[in-house]
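Following the hints, position chain B against chain A.
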Amino acid sequence: MNQIVTPVSLGSYRDQTAEVRARFDRLKAREVILDVRNLCKLFGSGKKTTTALNDINFRTHRREFLCVVGPSGCGKSTLARILAGLEEQTSGEVLLTGKPVTGPGSDRGMVFQGYTLFPWLTVKKNVMFGLEVNGRGRHESEQQALQWLQLVGLEKFADAYPHQLSGGMKQRVAIVRALAIQPRILLMDEPFGALDAQTRCRMQAHLLEIWRKIDVTIVFITHDLEEAIFLADRILVLCAHPGEVQELIEVPVPRPRSAAQFISPTFLATKARLEELIHSKAHDEDDEEAETYSMVTRLTQVADNVE
Amino acid sequence: MKTRWLQVLKPIAPRTQLVFGSMSFVLPILLWCLVSYVPFVWHPQILITQPGSVEYLEPGMRMNRQAFEDEVADAGNDDKALPEGYPANPIYLPAPHEVAMALYTAFTTPPVSQDGQWLHQSLWHSIQIIFWGFVISSAIGVPLGVLCGTFGIFSRLNEPFIEFFRYLPAPAFGALAVAILGIYDGPKITIIVIGTLFQQVLIIANTTRKLDVALVEAALTLGTRNAKLLTRVVIPGILPDLYRDQRILLGWAWTYLIVAELIGTTSGITWFITLQARYQHFANVYAAIMMIGIIGLGIDMVLALLGRWLFPWDRSLAKTA
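These protein sequence lines map, in sequence, to chains A and B.
Once you know that position 224 of the first sequence is 212 in our numbering, the rest is easy, because the numbers rise by one and skip nothing.
Once you know that position 207 of the second sequence is 1636 in our numbering, the rest is easy, because the numbers rise by one and skip nothing.
Chain A on its own, in the form it takes in the complex (with noise of 0.2 Å):
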């Protein structure tokens, strides 16, 4: 990623407006929703044990958007499925609504980067299934799926198989599948990953007017920062080996978010920062790289510059 060249001082990303903190403000005055204490993961046993998460705490309020970034190998994903109940935590607790999370459940909807919508199912049968195995009928698991469709303009498709539509209108079908059994949160471990850089765009904007109109709050797992920054109200930044909470940022770009805020200057001083702190820790190995580069020996003749 380029270093950001700041003409003028962009100001500190802790400098918030009064708009902007009274937001907060209300965030905050609403109940925790999701509470993580002293989460630990470690992976292999005896002398090839690693840590890949380390006392991670923090606490997530209803409707709240969370970020959570980090450099590769910070244990991200590790998280995600943690607190979906898809792996065991060594030790620590996470409590949703105060009671302790033991597995998988329905209070809990995932996105996956992959899409893993179901490929015998057509996209209207793919978000009746949550609704269906947890105990609701035929007619009104259709009716609900047809409703959740149209949310995110995908009526048309409701009889056509996921391998019949494009990167995006999965994802969408993802999310509304896991909307449908109305989660209190919702995990998305880099959902929009594997998606080009317009589709992105439209797809965060996409997930921003889902989440005004709907009771969930979400847990947004990237290694994009403008991603992280345009989305979340807060984002947690972790470090790598072992995985560590570095910083809780609170974003100061007021809402609603537009693409022009990009180059507003608490989205740039916000990015600054996440770039300090991901970088900083990264430095060591990022070295190495660099070394190795400059080692690669010139095989083009010596008059012929590219730069």
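It should be emphasised that the hints constitute simulated quantities derived from the structure, not laboratory data.
Any given hint could turn out to be false.
Quick list of in silico lysine to aspartate or glutamate cross-link-like pairs, EDC-like style, CA-CA up to 20 Å [as the list claims (entries may be wrong)]:
1) K113/A - E1646/B
2) K201/A - E19/A
3) K16/A - D203/A
4) K1657/B - D95/A
5) K1657/B - E120/A
6) K1509/B - E1484/B
7) K87/A - E75/A
8) K201/A - D95/A
9) K1509/B - E1498/B
Since this is a predicted model, take the numbers as computed values, not measurements.
Using the frame of chain A, we list chain B on its own:
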């Protein structure tokens, strides 16, 4: 433009597909015609038409070309009548048209003995043996395979023993099967079951293990539990592949047919083949063998079409079938 025939992993044009697809049948038949109809290709024997002065020769007899030429030379030296004949292949290699005729006449010829069976009756009997063998094998093998693929403990409990058992040749159980089940269809079906079942469990367990685990995780996060995970995710998820496996395994069952039918009282198409071979009606033998191929391929093609209709979402099926 120059057509490039050999391109790694590139799909080929439908026309080319058709041409090469038909050639896979046409070429072997052409080779067979060449050997049968062109007199100077192979034809190691002479079919006698006129015995001439040679006493032991009779019309319709076959003898080696060398021996025939010796006799002709001898008769010529003695100024006697020359034996006559034309080049022929051994009796075990009938010409294509003879086999084609036999394919037809085999169905129209009444059985030799009174308690004998028409060809279509023999074939029907064989098909029933295969059917029941495969149904019984699948009734055990498919659920067991899916369970082994889904749950580690089932896999550990069954697969080591099955790995061992599948190396035991099915026909080795023939005598045992006759002792237990008598001489009629029981032991024949048993051989087909033994030949198919153990492979079936292992193949289906492997297919089940190949299911994308992310689909199971997605279902878990949607609140799916226990039995529903099996019935609503695992089974529908592997169904197209399972179906493909079953098609391959059905072919497998066919290969055990002849051995199975030799056990106890010989029956079905095998009975027809052994009888015709005894009378040296080799055209009929080839016709019967081809019949098995035609039925097998026919069933598989029907199943392939059925699969495309059953699993409209399956990408790999659309590509291969």
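20 Å limit on alpha-carbon distance, applied to hinted pair K1509/B and E1498/B: 14 Å, holds
Given pair status - E75/A, K87/A, alpha carbons within 20 Å: OK: K87/A and E75/A at ~17 Å, within 20 Å.
Hinted pair K1657/B and E120/A, Cα distance within 20 Å: This hinted pair holds, its Cα atoms lying about 10 Å apart.
Given pair status - D203/A, K16/A, alpha carbons within 20 Å: Given that 20 Å is the threshold and the Cα spacing comes to 16 Å, the pair holds.
K201/A paired with E19/A [C-alpha distance capped at 20 Å]: 19 Å, holds
Pair hint outcome, K1657/B versus D95/A [Cα-Cα no greater than 20 Å]: Given that 20 Å is the threshold and the Cα spacing comes to 18 Å, the pair holds.
Agreement of K113/A and E1646/B with the hint, judged by alpha carbon distance not exceeding 20 Å: 18 Å, holds
Hint consistency between K1509/B and E1484/B [alpha-carbon to alpha-carbon, up to 20 Å]: Between K1509/B and E1484/B the Cα gap is close to 12 Å, so the pair holds against 20 Å.
Distance restraint between K201/A and D95/A, which requires alpha-carbon spacing of 20 Å or less: OK: K201/A and D95/A at ~18 Å, within 20 Å.
Hint compliance for this structure: every hint is met.
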